[in-house]
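Undergrad: Given next are the chains, with one letter for each unit.
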Amino acid sequence: MLRSNLLSPLVLAFFLGVGAKLIRSELSLPKDLYSSLSLYLLLALGIHGGVELSERTFEAIAVPAGATILLGCITPLSAYFLLRKAGRFSRIDSAALAAHYGSVSAVTYMAASQFATRMGATPEGYMPTLLTLLESPGIHIALALGAIKASKAAKESGAPRRSTGEILHEILTARSMVLLVGGLLIGFLMGAEGYAPTKPFFEGGFKGALVLFLLEMGLIAGARLSDLKKVGLRLVSLGVAIPILHGSLGVLLGHYAGLSVGGATVLGTMAASASYIAAPPAVRMTLPEANPTYYLTASLVVTFPFNLVVGIPLYYKVATILAS
Amino acid sequence: MNPSKMKLVTVVCEVALTSKIVELAKSLGASGFTLTDVGGEGSEGRAFDDAHDRKSKIEFVCPAPLASRAMKEIQDRYFSDYSVITYSIDVEVLRVGKFKKEVSRV
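As they're listed, the protein sequences go chains A and B.
Going by our numbering, the final residue of the first sequence carries number 614, and the count climbs one at a time with no gaps.
Going by our numbering, the final residue of the second sequence carries number 281, and the count climbs one at a time with no gaps.
If you are wondering where the hints come from, they were derived from the structure by calculation, not from laboratory data.
This structure is a prediction, so every number in the text was calculated from the model and none was measured.
Every residue, glycine too, gets a C-beta built ideally from N, C-alpha and C.
Keep in mind that a hint or two might mislead.
To be verified - Here are some chain A residues pointing at chain B (derived, C-beta under 8 Å):
#	residue
1	PRO320
2	LYS321
3	ALA513
Work out the full structure: start from the sequences and follow the hints.
TA: Dropping the structure here:
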């Protein structure tokens with residue numbers, strides 16, 4: 291299973307990106323292409339999820355949705371305490387890192403969804419709804435954890451602080467959130483019949499676009515490989531341990547919430563993933579004292595590749611064991 | 176042609192700070208600004224705060240007192256915690272009215 295995952299186009303494209311940086315190739319994706327790919331992927335994901343949602347009853351998703359929100363509340367706290375106690379990181383750095391581990395990486399979600407489908411365990415169609423539910427609570431809880439210390443520091447420096455409303459507005463109006471939630475609404479409103487004419491565009495190109503996106507992720511991670519030395523072994527170890535813990539918890543909660551093997555695998559992966567789009571700007575503006583090298587390296591160079599290569603098959607294995 | 180002397184203020188900052196700098200410049204009386212997405216290296220090496228290693232370059236033309244005040248505000252508010260540089264140069268502009276706006280207090 292691990293070998294088949296290693297040879298999947300997504301993983302191979304990621305390593306092509308890392309390799310290109312290692313050999314100091316000039317290869318890079320134009321910024322506009324990256325933006326266009328993420329727009330396409332997030333909107334396609336949202337619309338498809340919305341169409342699936344239109345065919346479900348509220349009761350069918352209420353329990354998995356509740357389990358997802360519960361996960362969103364637990365993961366920032368568990369990450370924070372692990373980072374404080376096992377990692378001995380400062381309160382502000384722990385809160386900054388916890389905000390990343392409490393939120394979700396949409397691209398990891400997509401990779402998990404593709405993996406589960408390839409294994410014959412297609413996840414529930416409403417999983418994108420759960421993705422949007424998990425996006426913001428973790429960031430807020432973790433930022434609140436760092437806020438006491440940060441506001442004390444702010445008083446001393448006299449720097450202006452941002453209100454909770456301001457942070458909430460930023461997260462909810464972020465490009466990724468608008469595309470996902472907007473896509474869900476469009477899909478929900480137009481239903482399967484309305485979706486049919488656009489389906490070839492949104493589904494036909496999805497996997498290929500994701501491969502290109504993973505190439506860019508590889509380039510980003512490759513460019514930051516040297517930062518591993520700066521963050522130290524403790525953070526690298528926690529960057530692997532936290533996803534295993536959160537992933538297993540996510541699979542467990544997903545299983546008891548009635549999700550299929552594929553659904554539990556994807557929920558576990560969502561919990562295990564660390565955001566690298568929504569969390570960094572929110573953390574940067576709210577906890578500017580936190581070291582960005584820690585959270586960007588942990589999220590992009592440690593946890594993302596770990597989940598992509600080892601984590602997703604592992605959560606799938608846990609889900610199959612639980613189901614049997 | 177009758178050029179007037181003004182200042183061109185340039186701020187290169189991490190992307191997350193962009194809207195804050197723009198708001199500050201406008202609230203102090205800058206009548207407009209130019210925003211460019213840039214890359215590069217500074218005293219601490221390449222940009223490390225954004226996943227894509229990008230920075231924002233914000234430029235605005237304004238009278239000298241406003242330029243000094245904007246740079247002082249940027250220094251006080253953001254130098255300690257953020258990756259940001261700012262500098263100004265003398266420029267000569269035509270249609271000077273384009274660069275003057277009622278100055279408000281922040």
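Undergrad: All the hints need checking, so say for each whether the structure fits it.
TA: Structure-based check of each hint:
For PRO320(A), the interface hint is violated, since its Cβ never comes within 8 Å of a Cβ in chain B; the closest pair sits about 11 Å apart. Nearest Cβ of chain B to the Cβ of LYS321(A): about 7 Å, under the 8 Å cut. The hint holds. Nearest Cβ of chain B to the Cβ of ALA513(A): about 7 Å, under the 8 Å cut. The hint holds.
Hint compliance for this structure: hint 1 alone is broken.
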